[in-house]
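From just these sequences and the hints, can you work out the full model?
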Amino acid sequence: MIKKIIDAIDERIGIRADIKEQLTEYMVPSRMNFWYSLGAVLLAIFTIEIMTGILLLINYIPSVKEAFDSVALITGTIPFGWLVRRVHVLGSYLFIITLFLHMISVLFMGAYKKPREIQWFLGCMIFGAVMFTCLAGYLLPWSQLSYWATTVGTNFPSSIPVIGGFMVHLVRGGELVSQSTLSRFFTLHVVVIPLLLIFLIGAHIFAMHRTGVSNPPWTTDTTKIPFYPKFFLGDLTIIYIFLAILFFFVFFFPQIGFPPDTLVRANPLLTPEHIKPEWYFLGSYQVIKIIPNKFLGISLQGVIVALIFLLPVIDRCEERRVWKRPIFASCVIFAVVAYVVLTIWGSYS
Amino acid sequence: MEENLSRRSFLKKAVGIVVGLTAASSAAPIVRYLIPKLSKEGDNILTNADGEPMNEKDIAEGSSFVGSSAFGPTIVVRNAGKLIAYSAVCTHLGCLVKWQQNDDTFLCPCHAGRYDINGKNISGPPPAPLPKYSVTIDASGHILLGKV
Chain X
16 MIKKIIDAID ERIGIRADIK EQLTEYMVPS RMNFWYSLGA VLLAIFTIEI
66 MTGILLLINY IPSVKEAFDS VALITGTIPF GWLVRRVHVL GSYLFIITLF
116 LHMISVLFMG AYKKPREIQW FLGCMIFGAV MFTCLAGYLL PWSQLSYWAT
166 TVGTNFPSSI PVIGGFMVHL VRGGELVSQS TLSRFFTLHV VVIPLLLIFL
216 IGAHIFAMHR TGVSNPPWTT DTTKIPFYPK FFLGDLTIIY IFLAILFFFV
266 FFFPQIGFPP DTLVRANPLL TPEHIKPEWY FLGSYQVIKI IPNKFLGISL
316 QGVIVALIFL LPVIDRCEER RVWKRPIFAS CVIFAVVAYV VLTIWGSYS
Chain R
8 MEENLSRRSF LKKAVGIVVG LTAASSAAPI VRYLIPKLSK EGDNILTNAD
58 GEPMNEKDIA EGSSFVGSSA FGPTIVVRNA GKLIAYSAVC THLGCLVKWQ
108 QNDDTFLCPC HAGRYDINGK NISGPPPAPL PKYSVTIDAS GHILLGKV
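Order-wise, the sequence lines are chains X and R. Under our numbering, think of the first position of the first sequence as 16, with each following residue one higher. Under our numbering, think of the first position of the second sequence as 8, with each following residue one higher.
Certain hints may be false.
What the hints assert, rightly or not - Example chain X residues on the side facing chain R (calculated, C-beta under 7 Å, incomplete):
id	residue
1	E36
2	L38
3	V167
4	L284
Just so you know, these hints were derived from the structure itself, not from any lab. Virtual Cβ for every residue (Gly too), placed ideally from N, Cα, C.
Here it is as structure tokens:
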């Protein structure tokens, strides 16, 4: 019966030929390894985030009076609500870690170089959109931690001369984090940024199809083989390993991402002690803390982001093998170590 | 041929202008819709978290109170019998300061910024003093705040 339906569809729009050409018989380098599967892992986690997000939306109420109680209801009363919420939160952490790994592997393999500059630009935009949607989603539970972390986070642009104050006002929808901010962040988190991400991810995959997957720089073997079945099964295996890691933390360390201040309703008239942002913003937070001039701290980070984004324009050398690029490799390793150190420092300072 | 090209070029420009005008006329109200209105200025009453006016008698000597006003979160301290009021919003990253009775300073719990009793930033990352407000008491004992 199902075969007959598929046959009927195929007869009319030729779907089988497209699947063969674009997916199963799409030719990829035969020497791909684990690092090439991270894109598929990201796609799988993104799908999980969308699905759990939709489930959370059924019971979440985006109002300052009801948001905290609705999240408590999801976590404590709705069957498997705790599971959906924790998978959504810890899934976002795993998404960011995998995104970091994916970008680092692209850097080391020189896969951002011509003709793949557009993939790199789109990838950076995806990274920025993901960080922003995480910031927006963090406010939604309306807990003490989410309220004050958002207050601090949205205050960063205030140091920009002339337009800084206006930008803070625009992002918050008023002077302070309030119902207007919650409504804005809710809209961004559940509609605007997910749609943007779907578009950017689609464009990223489209560009990858057009340029072809980069050959591993460590081999001169340029043989290509169909994506299916070898790499399809390889990607599936890596996806399941990452899912195993996700659910290991969901079941055995469910408190990760939920410190005590997440269990207290937001009080706009009381800042708790030692307020800290989410772990992926701790490096940035620590830079702001150690550089006395806020504008300087933010500008420095802006310059670093611009350099990373424009890397394919700056680094035009054709060499992709990392052992032939010692200065570049040293810079990447230094940047990664600096980020990790600043993150750890930020969590203890 | 020449005439066809000219028609085509005219149509291209006309379509461009129509689409451009449509986009611009739609964008203007959307942008204005997103820009929040500025809060009103002038004297206003200090209220608690439930929006009820605070009475000056509720603030004892040496103690403080953080409440809401049209200026945003506001901290009021009674020092030597007199009420003094400042914005409670730390000028560093927007956390709310707390009054430290033991050393007569305001402390920001986020990054340990300190201000003296006059609102002046004395240590830590805050780049500017706390904005000061004038305090007057009305006949009912409510605390009215104003710009200094």
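Status of each hint after checking the structure:
1. E36: Since the shortest Cβ distance to chain R is 35 Å, the answer is violated.
2. L38: X:L38 check fails; min Cβ-Cβ to chain R is 36 Å, beyond 7 Å.
3. V167: holds (4 Å)
4. L284: holds (5 Å)
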